[in-house]
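Student: Residues per chain are reported as follows:
There are 2 protein chains.
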Amino acid sequence: MTKPALKQIVLASRPKGLPTREDFRLEEAPMPELSQGGLLLRVLYLSLDPYMRGRMDDRKSYAKPVGLGEVMTGESVCEVIASDQAGYHVGDTVLAPTGWRTHAASAGKSLRKLDPALAPIATGLGVLGMPGFTAYAGLYLIGKPKPGETVVVAAASGPVGSLVGQLAKLAGVRAVGIAGSPEKCRAVVEEFRFDAAVDHRASDFGEKLAAACPKGIDVYFENVGGAVWQAVLPLLNNFARVPVCGLIAQYNAAGPAPGPNLLPATMRAVLSKSLTLRGYLNYEFAAEHYPAFLRTVGAGIADGRIRYREDITDGLENAPAAFIGMLEGRNFGKALVRVAPSA
Amino acid sequence: MTKPALKQIVLASRPKGLPTREDFRLEEAPMPELSQGGLLLRVLYLSLDPYMRGRMDDRKSYAKPVGLGEVMTGESVCEVIASDQAGYHVGDTVLAPTGWRTHAASAGKSLRKLDPALAPIATGLGVLGMPGFTAYAGLYLIGKPKPGETVVVAAASGPVGSLVGQLAKLAGVRAVGIAGSPEKCRAVVEEFRFDAAVDHRASDFGEKLAAACPKGIDVYFENVGGAVWQAVLPLLNNFARVPVCGLIAQYNAAGPAPGPNLLPATMRAVLSKSLTLRGYLNYEFAAEHYPAFLRTVGAGIADGRIRYREDITDGLENAPAAFIGMLEGRNFGKALVRVAPSA
Chain A
738 MTKPALKQIV LASRPKGLPT REDFRLEEAP MPELSQGGLL LRVLYLSLDP
788 YMRGRMDDRK SYAKPVGLGE VMTGESVCEV IASDQAGYHV GDTVLAPTGW
838 RTHAASAGKS LRKLDPALAP IATGLGVLGM PGFTAYAGLY LIGKPKPGET
888 VVVAAASGPV GSLVGQLAKL AGVRAVGIAG SPEKCRAVVE EFRFDAAVDH
938 RASDFGEKLA AACPKGIDVY FENVGGAVWQ AVLPLLNNFA RVPVCGLIAQ
988 YNAAGPAPGP NLLPATMRAV LSKSLTLRGY LNYEFAAEHY PAFLRTVGAG
1038 IADGRIRYRE DITDGLENAP AAFIGMLEGR NFGKALVRVA PSA
Chain B
738 MTKPALKQIV LASRPKGLPT REDFRLEEAP MPELSQGGLL LRVLYLSLDP
788 YMRGRMDDRK SYAKPVGLGE VMTGESVCEV IASDQAGYHV GDTVLAPTGW
838 RTHAASAGKS LRKLDPALAP IATGLGVLGM PGFTAYAGLY LIGKPKPGET
888 VVVAAASGPV GSLVGQLAKL AGVRAVGIAG SPEKCRAVVE EFRFDAAVDH
938 RASDFGEKLA AACPKGIDVY FENVGGAVWQ AVLPLLNNFA RVPVCGLIAQ
988 YNAAGPAPGP NLLPATMRAV LSKSLTLRGY LNYEFAAEHY PAFLRTVGAG
1038 IADGRIRYRE DITDGLENAP AAFIGMLEGR NFGKALVRVA PSA
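Residue numbers (this note's numbering), protein chains in the order written: chain A, 738 to 1080; chain B, 738 to 1080.
With the rest of the complex left out, here is chain A (with noise of 0.2 angstroms):
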């Protein structure tokens, strides 16, 4: 008889520039066993994030790198199949950082348990999870945008920048979009509800976001970098905030970025405009703040204040070209692979 397995994607190789899926490799790994006061998880979804890219890469940074044959980082939405911890039952429905696979152990850290009767489960990945938390604390923590004043968001339609958008409208906010196509355009102001909808990839995309912002921009929500920015910061405000969450369009950048040095006029409007810039990361303000996002979002989603919108694909074996469509911006919505139906 064989011993059952797991499978599992390894990183392969470093990627230059956008990564491919040689960089990535499916293996298969002996099933772990449950230890003392662990659990054992079988994975359902796992959540595909820009920051993953990153970990890629053999830079510092403010996490380790995954290393060459290590299993890829990651979260996912799991199901207890075996537990030896008092709380946990065969049958719950838990966060966990498994990485990418089908199966993981865990020592019972690092966990939280979902209540599939409150909302879909997928949702701990996304709006009511990490990609959720950082657009409210990034907005209402960092922005804090005051009524009639402006917000724009980049990646309008994804899990982030759609949450953004939204927070900002019930905050009485006027909320702008950026995206990627004129389908994501529609989708950012019919489903979302934003004021208005700019496609970054028309040529005339300065002079349409300009006409979309007439009072100016109070908080830019940075999350894809590059060129977008440079369009952004002729409009913005004096005394406009930038929470700073995120680059994806130049995740991929490999070596020194060729010229011209944008850097003195970014430091000037800085300067003129008495700017703030703030890098975050969600888990500085988690332990203050989480249980209120809970309960702003989870009322938002309960009553359809705030909608959003999940892109899925089925098959652990299918998540390095399902990564690689989101860093190209292919996807619509959360990404998430189905990795086992749930029950």
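Since the hints were made in silico from the structure, they are not lab data.
Some hints here could point you the wrong way.
Same chains, same label: a pair holds when it works inside one copy or across any pair of copies.
[Said to hold, decoys possible] Pairs of lysine-lysine residues, derived as DSS-like cross-links and limited to a Cα-Cα distance of at most 27 angstroms, are as follows:
1. 1010 <-> 801
2. 952 <-> 801
3. 881 <-> 1010
4. 1010 <-> 753
5. 846 <-> 1010
6. 846 <-> 945
7. 740 <-> 1010
8. 883 <-> 952
9. 850 <-> 881
10. 850 <-> 1010
On the provided structure of chain A, position chain B as indicated by the hints.
Tutor: Frame of chain A, contents of chain B only:
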């Protein structure tokens, strides 16, 4: 009998890069007459400040540019020589926005009376004036250093930088200065009592700066821009604060900056280290904090814990050369022009 005349310096042409003496013109103009409720002022000291370079460009900024043929903007310490306003008497010493001239009429607004018994009157343009408050506001209100942290400031022998380091020391913070010559570096340590000073013109500047900051940098007080920022960036600690109050190294830049593009690396550091960059003008904080600044720094000067240097040029006609020298870093201490001897 000839009518009495005043002297003034006007903007003759807009500089390309570093200003030249030909960009200024010394003129005579009729002496103003005392208006109802107004004052007549004799300028004693004119302040030369880096921000004036910005006003010479026809570029949108927080303040209107100086027009061609108009008197250069500037603050000065003046003696009241005639007064039709209650509360001001002949012989009083006042701070006034006179511009670069020997005499000025004033409607009696935007004045601040100085008490010559409290401190030498020229300090009202330096350590006890706008440059001093700029240091105080940026360090204490934006940088907010905690005991044991490290503050780095460039132009550390200048009127803003030298006070930043001394205020840091008063707060129990390690102070590291950057200056443009071995002599200035020596003064930064010996006269202003910083913990260390590094010459940014040294070939191994980056390594020396790293050695002077063994625990990294928690607050970088940005008042120069340009190459120094590149050396500071890798040394910034997580959650470091960067008050941005000046960019003298790039004020003379004409046209777009050549590559490489340094903006992506800066934005990556903002994100990965949760940095705060915050531009400011001292006006923003003046109403609330100016009295506390005057008390704190005034007491520090009186008891010798705070020191300052002045770099005085005699004669209004020599103001352009002194101003150009200041932009080149050739001054040492607060740049002032003695326009007339004080009584």
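Student: All the hints need checking, so say for each whether the structure fits it.
Tutor: Now for the hints, and whether the structure bears them out:
1. 1010 <-> 801: Cα proximity of residue 1010 and residue 801: across copies only (14 angstroms, versus 36 angstroms in one copy).
2. 952 <-> 801: Result: close only across copies, 21 angstroms inter versus 42 angstroms intra.
3. 881 <-> 1010: This pair counts as both: shortest intra-copy Cα distance 17 angstroms, inter-copy 21 angstroms.
4. 1010 <-> 753: between (37 angstroms within a copy, 23 angstroms between copies)
5. 846 <-> 1010: Between copies only: 26 angstroms across chains, 45 angstroms inside a chain, cut-off 27 angstroms.
6. 846 <-> 945: neither (48 angstroms within a copy, 43 angstroms between copies)
7. 740 <-> 1010: neither (65 angstroms within a copy, 45 angstroms between copies)
8. 883 <-> 952: Close inside one copy (13 angstroms), not across copies (38 angstroms); limit 27 angstroms.
9. 850 <-> 881: Neither, since 30 angstroms and 39 angstroms both go past 27 angstroms.
10. 850 <-> 1010: Answer is neither; intra-copy 45 angstroms and inter-copy 30 angstroms both fail.
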